[in-house]
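K.L.:
First to last, the protein sequences are chains A and B. In terms of the numbering used here, the first sequence opens at residue 360 and continues consecutively. In terms of the numbering used here, the second sequence opens at residue 6 and continues consecutively.
Check the hints yourself; a few may be wrong.
[Claimed, not checked] Calculated cross-link-like contacts (lysine-lysine; reagent style DSSO-like; alpha-carbon spacing at most 27 angstroms):
{"no.": "1", "chain 1": "B", "residue 1": "K183", "chain 2": "A", "residue 2": "K528"}
{"no.": "2", "chain 1": "A", "residue 1": "K528", "chain 2": "B", "residue 2": "K170"}
{"no.": "3", "chain 1": "B", "residue 1": "K170", "chain 2": "B", "residue 2": "K183"}
If you're looking for bench data, these hints aren't it; they were derived computationally from the structure.
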Amino acid sequence: MFQAPWPRRRFVGALAATAALPAAAQFRVEITGIGGTQIPVAIATFRDETLSPVPVAAVVRADLQRSGLFRIVDVPGSFDESSRINIAEWRGRGADALAVGSVMRLADGRFDVRFKLWDLVKGEELVGQSHVAVAADMRLVAHRIADSIYQNLTGERGVFATRIAYVTKAGPRFQLHVTDADGEGGQIALASPDPIISPAWSPNGRELAYVSFESQKAVVWLQDVQSGQRRMLANFRGSNSAPAWSPDGRDLALTLSRDAVAQIYLMSRDGGAPRRLTQSQAIDTEPVFTPDGRQIYFVSDRGGGPQVYRMPVAGGNAERVTFGGSYNISPAISPDGRTLAFVTRQGGAFKLMVQDLSGGGATAITDTNDDESPSFAPNGRLLVYTSRAGGRDVLMTTTLDGRIKSRLLTSGADMREPAWGPFGR
Amino acid sequence: MFQNRHLLSTAAVLAALALAGCSSTKLDEAPVESRNVPADGATAGAGAAGGAGAAGTAQSGVATVDLSKQAGGAAGGLLAQRTVFFDFDSFVVKDEYRPMLEAHAKALSANRSKRMVLEGHTDERGGREYNLALGQKRAEAVLRTMVLLGVQDGQLEAVSFGEEKPAVQGSDEAAWAKNRRVDLRDK
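Starting from the given sequences, assemble the full structure and let the hints guide the process.
P.N.:
Here it is as structure tokens:
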């Protein structure tokens, strides 16, 4: 009756590989704003989900809500995947889809999470799945269920099972964290008494590049997330910073000051001699590749204040991309290559902007004043960035139209430099 | 003896300062983050100028002169000074730091095995990576001044911490002014 969405052996193997995940933290997410069109969906609390260390249905509901594309409809009573569903009654409650499921503890201590998704409009079963996982992977299971619902109802891939890297500063301690896309289940990849900035995921999601000041200067490191093995990539005279992976994962663009002021270079992920990409007398930094790998967007103050430019990776002229305002930094390119996100200074405020690259101006999508470091979700639907709230730097997500925002995981520490990881976890 | 050496090198230093002056002029022409927007520049820059002006015009003010921290003090005092402060959006090494840099340059020239790291810093406003590059530019400005004063290029490394290591916590002009700096560290 249940069809696993992929061969079970592979699924279990993938979960075993991340078995070091700690037990789930308390669930909390704050969401503001209302989207335009939202699919009304009912998510029943899974039968016996209190056996699980993670409130599965609550994680699924919050995931779907945060995407901005769903409205959660209340569920009266208890249901599971074997419940008889009265389609007409459910449609009367205003739901277009219904997810039901159960949690079972297996003899070996693992959990079997079953779930079924009903299309109440067509009156048919859309998905039936069984996920077997160890306790430490129950959050991942919940995110995968949310991804399945998202994909079946919107036709696009969900990003709930992806991860976000970010940096915290608490007192004199800096930590590079890797967390679920909802800000929960965080683990520490690097702890240091010195600053860490600019984490960047490799396209396969296995490595993080970042800048660490542990040797009392900015040096670019690569770290295998799973094993913690790390190596220096760039430690030239002066500062080494702003690593960005090419889409094929073979090269990194980065900023070096070894020959002049900060300029952009290209290096193999295996090291070797850097090739200089920009040739200006001004600061050139913050490179990012276009999804086809043929161009880089970057920040340069060659025209006065910092602005976003683009140029071919093969070499050639740089073309200015941002025009409004005197200070535009931190470019991020959507996975489809069509949208640029960046931060602009307006008076004393720093605002997250979005610009359609096929033409048209830039639009502010926040009403906050200390926005920094935008990074696109791999499906291009959300941005993660930092802002300030309650005297702290906090992690936020927003839809590209700015309508739905959520604040991820509040802690006592300042949170900064988020980087959204790729699909494929 | 120290006096003699000092006198002998005066001409060389003066020549170097003249060159350093040229260098500063070039740096001054370098693009800065808000120069071409008067509104922003006024908001952000007014704090420094306004604050200093207000303090300077107070009738009952008494300025403290601390000889142990002044450029006119002994060479030992100058060598104890290790920070060059910068104006908002500026990479210009101000004249008041010349005697101090001269003293460090002399010490480095006298001992070619001695090395120094010049750490550039910015205030907290703006992006972390762009600020890292700005801090680097400040450190490079101090490096070039010291090279013109006779230090070998290989004795110095300019690095930057951007906004990551503020000397002073706080989000006002007083704190920002103390954080826009280059620290001289022995290596």
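K.L.:
For every hint, state whether the structure bears it out.
P.N.:
Now the hints, each set against the structure:
{"no.": "1", "hint": "K183/B to K528/A", "result": "holds (21 angstroms)"}
{"no.": "2", "hint": "K528/A to K170/B", "result": "holds (12 angstroms)"}
{"no.": "3", "hint": "K170/B to K183/B", "result": "holds (11 angstroms)"}
In this structure, every one of the numbered hints holds.
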